[in-house]
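Heads up: the sequence lines are chains A, X and W, in that order. Taking the numbering used here, I'd label the letters of the first sequence as residues 1 to 742. Taking the numbering used here, I'd label the letters of the second sequence as residues 743 to 906. Taking the numbering used here, I'd label the letters of the third sequence as residues 907 to 1194.
Simulated from the structure, these hints should not be mistaken for lab results. If you're wondering where the values come from, they're calculated on a predicted model, not measured in any experiment. Incorrect hints may appear among the rest.
Straight-line alpha carbon distances no greater than 25 Å define the calculated SDA-like cross-link-like pairs of lysine to any residue that follow [as the list claims (entries may be wrong)]:
#	chain 1	residue 1	chain 2	residue 2
1	W	K1064	A	N668
2	A	K78	A	R8
3	X	K898	A	S9
4	A	K433	W	R968
5	X	K898	A	R408
6	A	K418	A	E465
7	X	K898	A	N668
8	X	K898	A	K627
9	A	K627	X	L839
10	W	K1191	A	S9
11	A	K50	A	V34
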Amino acid sequence: MDVPNIGRSARRKEGRAKVTGQALYVDDISPAGVLYGVTVRSPVARGRIKGIRFDPAIPWDDYTIVTAADIPGVNRVKLITDDQPYLASDVVNHAEEPILLIAHRDRAAAEQARHQVTIDIEPFPAVSTIDDALSAREIIWGTDNLFKSYQVNKGDVESALGDATIVVEGEYETGAQEQLYIEPNGMLAVADPNHGVAVWGSMQCPYYIHTALAALFGLPADKIRVVQMETGGGFGGKEEYPSIIAGHAALLAWKSGRPVKMIYGRAEDMAATTKRHPSRTTHRTAVGRDGRLQAMDIDFVIDGGAYCTLSPVVLSRGTIHAAGPYNCPNVRVRGRAVATNVPPHGAFRGFGAPQSIFALERHMDKVAAAVGLAPDEFRRRNFIQTGDTLSVGQTIREPVNMSALLDRALALSGYSAKRQQFARDNGSGPLRKGIGLATFMHGAGFTGSGEVHLSSIVVVEGTAEGTIRVLTSSTEIGQGTNTIFAQIAADALGIDCDDVEVAQPDTAEVPNSGPTVASRTCMVVGRLVESAALGVQHALIDAGYLPVMHSRAEFRRGCQRYVQAFGSLRATSKYEAPPGLRWDDEQYRGDAYGTYAWAAYVAEVTVDLTTWQTSVDDFVAVQEVGKVVNPILATGQIEGGVAQGIGWALYEDVIWREGRMANGQMTNYIMPSSMDLPSIRVYFEEVPYPHGPAGAKGIGELPMDGAAPAIFNAVAHATGANPDALPLTPEQLMRLMETPVA
Amino acid sequence: MPDSPQARLTCVVNGRRLMFDAHPMARLLDVLRNDGRLTGTKEGCGEGECGACSVILNGELVNSCLTPAAHADGGVITTIEGVAGEESLNVVQEAFLECGGAQCGICTPGMVLAAIDLLSRVPNPTEEEIRAALSGNLCRCTGYMRIFASVLEACKRSPDLNRP
Amino acid sequence: MALPLDSYSFATPATLEEALSILGADRSARPFAGGTDLMVLLEAGHLPPGRFVNLWGLPGLRGIHALEDAVAIGALTTYTDLRGSHVIARQYPMLVHAAAETGGVATQNRGTIGGNIANASPAADTPPTLLAYDAELELQSLSGTRRVPYHRFHTGYKKMELAPGEIIRRILLPRRGDGWRDHYRKVGTRRAQAISKVCLAGSIRTEEGIVREVRIAFGSVAPVVLRCAAAEKALTGRSLNPSVIADAQAALATDIAPIDDLRSTARYRLRVAQNLLAEFLNGAKTPG
């Protein structure tokens, strides 16, 4: 092996299929006799179903109809709390809640029929805001509308606040965000009581669906099969939601005896599926005249929508990240996830951290101003160092140098000179320029003992042809899973990427490597790929089929001969927690993550006071990520995440009317086009993490955390306004700047 | 000529004659995917916003989800399946592979066609011109940077692009 | 969400005369141009059932021709055609500017100026420029041809001065003298592929600092695209100083009736319209 595969921009494994249009997404396959399924949904936010009326003009005998009564197993989506029905039968708790399923062999006929069913609902009062939920005037979930709460305590915040001379308060809000993968949700199912259930579709987590379907149908695991098709984007929106559309397609297949394909239209996907949790964060911060943080009192609330889904985990991550990369002796974080009568919110890249980090980084600029320090200088005086302890009790043992990252970002962006220049030049003419920063970290992998509970498994096998197959349930959704796994396996074995195939995730064949979420795919699962590959190598060497130092050709021959001799060549690797990690689930304290990626982002903006529009003119993203496995793929992840962060900050506004998204069209929900984004300049540093493959940390979600607060800080710098609610649409900025400040 | 509920329509797709019966107002997107069995052209929104359904019709980039079958009658169409050469990929496709222009791939067919369309009109576009020409193709994964790089790379690699 | 396709019939006449015959005989039949508006409505389930008459590809409806005292644009001229026209670029540059901001390349290849006018959206991007350029529409039916000044064409929200059996045949832009200064700005939800929140097309002719003639046309701030008569009156015959500009901004508030909707707010539209007006007029202060 001349040049290692890790560290070079190996070409995307499935790239050729994608650029030639040959990659198969679920709607590209239509088995003979397939029926098309559609969902009839609640028109109101909350109420009791009084009746279902079918328009007699439709020949309903030609259709398959499924209601809750048809569910063979348990009518609950198996996830965390199991509170969400697949099909509502008695009460509905959100607009768009599924009630009935219809299938027909003609897609248009199925679509038509959907509108010929009337659901009569007696409405109940609906809870629509965080405050409504917290007031508990109307209880819509559990005993108090609270899905989950956490409390993190470090030191003694009350005393510190009591003694403080300077206390800075702030309240920050973020709105929902639609994942807007360009391929909508879709599933194809075949099912019958004899053979079981099989689904193919767009997804991130085959085994989540597997578990959910087993419970829905009351079938054992070996009667359920889940296969991932090429997936056109996920970003978390296809983490837990696909269990529902898979279950629906499968129920129709079960009842009809035919394959059923269910593909959501864009409007339906936007209105009915999960979005990023809206949030409200309150900060009270005590700071000394020397600019050192003395106490941080943080209240973090997220709106989970009508059912629990993943809200406890989103809350957990948001709570742990709420106090950021700062060393503060006294920290209290109260986290709460509340229920409201809107379609349940769910996973979206960042998963709670973008929300709490947005609030924190806006607030840090305010605290800096209160003590007369520039935003960067204030942060330098407070950055965490190796040996310091985070709010949740994790001592940072790895090398970390936030000051150096920040300095590099400032140099690359020309921050200091521009800050002065803009202050000088602003004032003549309608354009106001500003530059702002955000410093943050993102924990990679599942929180606390999560990875241990997942107990992920990877299998690597040698084939009769002398090539390697990697078997994992980790999915390629555009981020580069297939390619980096091939690179990792190739380096472990001393062969080339082209010698490695990553198997299509099919639960009939691949083990459960855990979900494709939480920035864990490279760091955690990639590490398992590495060790399973080494396992294969050891087997070959131990059996005398391969010398320790070998060429690519020697590997191929050795593998061929071994398989010929023994029939198969497989190695299995199972997750083991890195030594020394300690987490207490009860106390909610300890080592929250194996490692963190650290970052400093800078955004330069122009605000046009003629229209109050903000354009981002330049963006610098500097991050320390352990090891860059594939530069083009890693850069693509950062660029894409920053783009989504820019969208979240300035453009993406979910408009709620009567508990549903009113702007569920791509013409009215605005994601950035190619004309709306600046050059996103990406720079990496590498401090190897000993437990990641070649030292790599997770990076998929990191970029989502920094863009919005950097932009808001830049707008504040440009205009002198105090934007604290996201998205900062031009209408909002106008209102902010025209409202006299008390 | 009387109205017909279904029309017998003929067009040339990727160099081959395709004859189909369709309602004149059926979407060209559906004709290509269903009658033509060419699933490379994708539906992302059904409202002409995302460009995932882009094809080249009579030399022009169009959104096939908004093009009625009747307007494709007698037309010459290129879809993503038709841009590669006999022996090799189109230089734009190669550049996308080299520069990371595709992540999840769902916008890629439309994006590649939009890039090919641009380069057939403007052989050496500036980055501004690339941004404007691709503004009708939305990408959620990349932030567009790798796509711009791919288009610029395609220009560098060949001044004489395979015109569809 | 779409209605079944057999709710619609689609006639494909070979000539314009044949198209006019069908439209003349069947009052419910509607013309179908490039389809970029109608197909969106169809897909969303908002296209009422009925009969459509295809105009796309009919000879005589597409193209830009210089006449003696005007430039004539065929109704089926696309945005791409407009962007590529030297005549339009030279004499009516705002039309090129607006065409370039209408959707992306794919939309511009299939969207037509006539279709855009007939769709009668108050948020359309090119109609304000047509108002600023004193456009005249040539309407044709079996009975013959007539002309309507464009500023009288839109009579209310989605209501047009278009008789049954009539189509828009051509758009005529009269030649202007010298001394005009144009200003076009569309404020959308993003820089491309955006529906406008406010759209200004302004043209002004001053002599020695005095406003001789002015056209102020807005989109997205009223049920129709419109000329702002009060604002124009507040300017005509006066010099462009800050006090006069402020008067025009105040008068503008009486011309327009912006609303709150999914994309923006009434207050934002009003304030931005006033700002755009000032931007236009301040730019015109310096001799152009």
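Status of each hint after checking the structure:
1. Between K1064 of chain W and N668 of chain A the alpha-carbon distance is near 20 Å, which keeps this suggested pair within the 25 Å criterion.
2. Between K78 of chain A and R8 of chain A, the direct Cα distance comes to roughly 41 Å. Violation of the 25 Å bound is thereby established for this hinted pair.
3. Note on K898 of chain X and S9 of chain A: the hinted pairing holds, with a Cα-Cα distance of about 19 Å set against a maximum of 25 Å.
4. Of the supplied pair hints, the one linking K433 of chain A and R968 of chain W is violated, its CA atoms being roughly 45 Å apart against a limit of 25 Å.
5. Restraint check: the Cα-Cα separation between K898 of chain X and R408 of chain A comes to about 32 Å, which exceeds 25 Å; the hinted pair is violated.
6. Restraint check for K418 of chain A and E465 of chain A: the C-alpha separation of about 60 Å exceeds 25 Å, so the hint is violated.
7. A distance of roughly 37 Å separates the Cα atoms of K898 of chain X and N668 of chain A; the hinted pair therefore is violated under the 25 Å criterion.
8. This hinted pair does not check out: K898 of chain X and K627 of chain A have alpha carbons roughly 31 Å apart, beyond 25 Å.
9. Taken as a hint, the K627 of chain A and L839 of chain X pair is honoured in the structure, with Cα atoms around 23 Å apart against an allowance of 25 Å.
10. At roughly 55 Å between alpha-carbon atoms, K1191 of chain W and S9 of chain A are farther apart than 25 Å, so this suggested pair is violated.
11. Proximity of K50 of chain A to V34 of chain A is assessed by CA-CA distance (about 33 Å); at most 25 Å being required, the pair is judged violated.
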